[in-house]
Amino acid sequence: MRFKGIVGLLSAAAISVTLAGGALAQDKTVKIGALFPLSGNAASAGVHAKAAIEVAIDIINNAHPELGNFPLAKNAGLAGLGGAKVEVVFADNQGSPATGQNQALRLITEEKVVALTGAYQSGITLTASAIAEKYGIPFVNGESVAANLTERGFKWFFRTTPIATDFAKVYYDFLTDMKAAGAKTDTVALVHDNTEYGSSVANVITTVFKEKGMAAPLDVAYPANATDIQSQVLQLKDKKPDVVLMVTYTSDAILFAKTMQAQDYKPPMLLADDAGYSDPSFLKAVGKISQGAFNRSSWSLGPPGSPTAIIAKMYKEKSGDEIDDTAARQMTGFFTLVEAIDRAGSTDPAKIQAALKATDLKPEQLVLGYKGIKFDDKGQNILASGVIIQLQDGENYVSVWPKASAEKAPILPYKGW
Amino acid sequence: MSFVLVQVIVGGLLLGAVYALFSSGLTLVWGMMNVVNFAHGDFVMLGMYVALMVYTLLGGGPLLGAPLAIVLLATLGIIVYFGLIRDVMKGPMLAQILGTFGLALLLRYSVFWWFGANFNTLPANLVGGTIDLFGIRIEASRLLAGVVALLVTLGLHLLLTRTSLGSKMLAVSEDSTAAQLMGIRPDSMQAIAWGIAAGATGLAGALIATFFYIVPTVGETLGIVAFVTVSLGGFGSVPGALVAGLLIGVIESMSAYLIGAVYKDIVVYTLFLGFLWFRPQGLMGKL
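If you're matching them up, the sequences are chains A and B in order. Per the numbering used here, residue 1 is the first one in the first sequence, and the count goes up by one each step. Per the numbering used here, residue 1 is the first one in the second sequence, and the count goes up by one each step.
One or more hints might be untrue.
The following label-pair restraints were derived from C-beta to C-beta distances [stated by the list, open to error]: (1) A/Lys134 with B/Ile136: 53 to 61 Å; (2) A/Lys240 with B/Val6: 15 to 23 Å; (3) B/Gly128 with A/Glu395: 47 to 55 Å; (4) B/Leu273 with A/Glu407: 31 to 39 Å; (5) A/Gly305 with B/Val6: 36 to 44 Å; (6) B/Asp87 with A/Lys240: 54 to 62 Å; (7) A/Lys112 with B/Pro92: 55 to 63 Å; (8) A/Asp58 with B/Asp87: 40 to 48 Å; (9) B/Pro92 with A/Glu317: 44 to 52 Å; (10) B/Gly155 with A/Lys134: 53 to 61 Å.
One side of the interface only, derived from the structure: several residues of chain B facing chain A at Cβ under 8 Å [what the hints assert, rightly or not]: (11) Gly11; (12) Ser176; (13) Asp187; (14) Phe211; (15) Gly260.
Over 10 Å on every C-beta distance to chain A, these chain B residues come out as not near it, computed from the model [said to hold, decoys possible]: (16) Leu58; (17) Pro67; (18) Ile78; (19) Leu165.
In case anyone wonders, no lab produced these hints; they're calculated from the structure. No residue lacks a Cβ here, since even glycine has one placed at the ideal position from N, Cα and C.
Please work from the sequences and hints to get the whole structure.
Shown next, in the form of structure tokens:
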């Protein structure tokens with residue numbers, strides 16, 4: 001009993017020390033909330049997102065003259081706010097839209113953050129940004145692609161990433177080019193989970209393909225976080241589509257790769273919509289049996305010594321993994337937000353909002369291959385763009401399309417293992 | 001019957017055998033002690049990590065990983081019994097639920113902290129790749145898990161029905177005071193039951209690791225299936241869990257193939273609830 005009492009007291013003491021530590025933050029800081037899946041099945045993506053934000057904080061809060069004219073790098077802190085430092089409060093959305101919403105509320109009302117970023121899964125960005133909208137707090141998203149996020153008439157929501165419609169067009173153009181080069185692309189199967197991300201992206205792709213005069217893709221929907229997907233792989237094996245388009249998060253992407261190998265099924269062409277196929281742990285776990293998979297990306301590593309190469313190295317030191325498209329897009333969203341705060345010279349949400357609306361970043365100011373960042377009235381970046389990459393050696397993606405920026409020529413058919 | 005359908009059924013049976021394998025430990029603890037172990041899925045996860053460690057550190061397969069997982073998890077099970085379960089069993093039902101749920105989170109996030117959130121897998125050829133039987137493809141790793149599921153079910157069933165240890169354990173579960181009067185120590189019996197259940201769960205984890213992904217949160221995905229399997233099979237009935245596991249596996253696979261994967265859970269749970277309406281004690285449970 002006495003032992004338990006002591007343990008209890010110690011725990012209470014530990015908790016109060018932690019809480020007090022949080023309250024001791026410096027006066028001259030700009031507090032930003034970041035919502036990511038730090039636990040649950042997408043935790044792998046969330047942990048990498050956190051590392052990306054932490055690298056960005058390092059660049060912003062410390063002087064990094066080696067990055068040249070990269071925004072916020074030259075001097076320590078935010079020049080527009082007298083050298084104020086940026087502090088990010090991370091919150092765990094646990095992979096649940098309801099938790100994401102609660103955490104957004106907590107960050108705004110209790111942590112008093114001046115702006116929010118996150119939340120990885122489109123379905124959670126949807127609920128969390130609704131809270132930010134209600135409280136009049138800017139929410140900048142760098143990675144969620146569900147089209148409807150910027151179709152809600154929100155005034156406080158800004159998104160830097162290309163969205164599903166942009167990518168659907170990229171896929172269509174890519175497939176058309178591949179067809180012209182002799183590949184068969186007449187029938188497409190669309191494999192997707194039933195989350196906001198999976199179903200909305202699938203919807204958009206189907207609509208765009210139909211508009212362009214292609215046959216509607218065969219729809220293979222499945223519940224996310226599946227224990228078994230043999231039946232879906234057998235469906236594909238049965239229907240023999242020319243192209244399999246995968247819209248899946250990491251856990252299911254791994255199961256698909258393993259089950260395809262077990263069932264000895266190789267589609268002639270496999271094209272993935274980022275997400276699971278970009279997760280470094282997907283590449284480590286099943287990259288070797290997914291050789292030849294195409295994927296979309298906006299990330300491209302510049303020559304040695306370029307800001308992107310230096311940032312990629314910083315990221316690798318922080319996380320132990322190579323930077324991937326998702327982490328780079330998250331970092332871009334965060335930089336865009338902080339650049340706007342710096343330009344606003346204020347932590348007043350309305351002033352940040354006005355600065356975000358006036359954002360005009362050039363390609364050389366970004367870690368990504370976007371044409372720039374400029375928001376339309378809906379808060380969507382109109383200069384976002386993407387390329388197609390291919391996992392040729394089972395370890396690292398190389399850009400293969402469009403031809404102008406390609407490192408290598410695309411290889412067909414899908415090799416698998 | 002079309003050829004693909006045979007493959008679907010075979011796949012469903014193998015999947016079901018795996019469900020049965022990781023449910024046997026839960027049904028034992030649930031049926032014998034009336035303790036709902038919410039940490040069950042995380043015990044499976046620990047077994048998977050034992051297999052992963054054995055592979056990455058020693059290069060060994062399940063031949064080494066599985067026995068080690070049994071020993072380690074059985075030890076953990078006994079420690080958990082004396083450190084947590086014995087005390088919370090005296091409290092209200094809610095204490096058990098929260099106690100084992102807290103344990104689940106503790107285990108999950110300890111592994112998370114130590115190993116990180118990354119997904120891991122074991123190579124597919126660790127257990128002989130895939131067998132092609134007249135065009136029906138069977139993963140050797142799943143087949144091994146299926147065979148072991150049958151053996152574990154048989155072993156546990158014989159233990160409970162044919163040995164004096166089993167009779168003593170059943171006596172404690174029926175009436176622990178009366179058993180104590182007969183000279184049986186409920187404490188030891190329940191500790192043994194926890195050890196066996198956790199050991200069997202660890203074994204399940206080590207075998208599932210050969211064909212599933214390994215991640216700290218995998219217990220969430222697998223745990224819920226175990227609960228349904230045990231409820232359908234009948235609380236405490238080891239053969240019931242086997243039959244239920246096979247049934248669920250086949251129904252899931254068939255409905256996913258024939259109707260569509262997003263509807264398979266609706267089919268499974270509608271049948272499940274409908275069945276419990278008529279037989280609340282499950283397939284082979286006693287009321």
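Checklist line | 10 Å Cβ clearance of B/Pro67 from chain A | finding: holds, 25 Å
Notebook entry, point to check: Falls inside 47 to 55 Å, the C-beta gap from B/Gly128 to A/Glu395?
Noted result: violated, 26 Å
Checklist line | C-beta pair B/Asp87, A/Lys240: status relative to the range 54 to 62 Å that was hinted | finding: Because 59 Å falls inside the window, the suggested range holds.
Next item on the list: Tell me if B/Gly11 is really an interface residue toward chain A, meaning its C-beta lies closer than 8 Å to one of theirs.
Entry: It holds, given that the least Cβ distance between B/Gly11 and chain A is near 4 Å, below 8 Å.
Checklist line | Least C-beta distance between B/Leu58 and chain A, which was stated to exceed 10 Å | finding: Label holds. Min Cβ-Cβ 20 Å, cutoff 10 Å.
Notebook entry, point to check: Does the Cβ pair A/Lys240, B/Val6 satisfy 15 to 23 Å?
Noted result: holds, 19 Å
Checklist line | C-beta pair A/Lys134, B/Ile136: status relative to the range 53 to 61 Å that was hinted | finding: 56 Å Cβ-Cβ, so the 53 to 61 Å window holds.
Notebook entry, point to check: Does the Cβ pair B/Gly155, A/Lys134 satisfy 53 to 61 Å?
Noted result: Given about 58 Å between the Cβ atoms, the range holds.
Margin query: Using the nearest Cβ pair, does B/Gly260 come within less than 8 Å of chain A?
Written below: Given a least distance of 6 Å, the restraint on B/Gly260 holds.
Check: Taking C-beta pairs only, is B/Ile78 more than 10 Å away from all of chain A?
Finding: holds, 20 Å
Next item on the list: Could you say whether the range 40 to 48 Å given as a hint is met by the Cβ separation of A/Asp58 and B/Asp87?
Entry: holds, 47 Å
Notebook entry, point to check: For the pair B/Leu273 and A/Glu407, does the Cβ-Cβ distance stay inside 31 to 39 Å?
Noted result: violated, 55 Å
Hints 3, 4, 5, 7, 12, 13, counting from the list given before, are not met by this structure.
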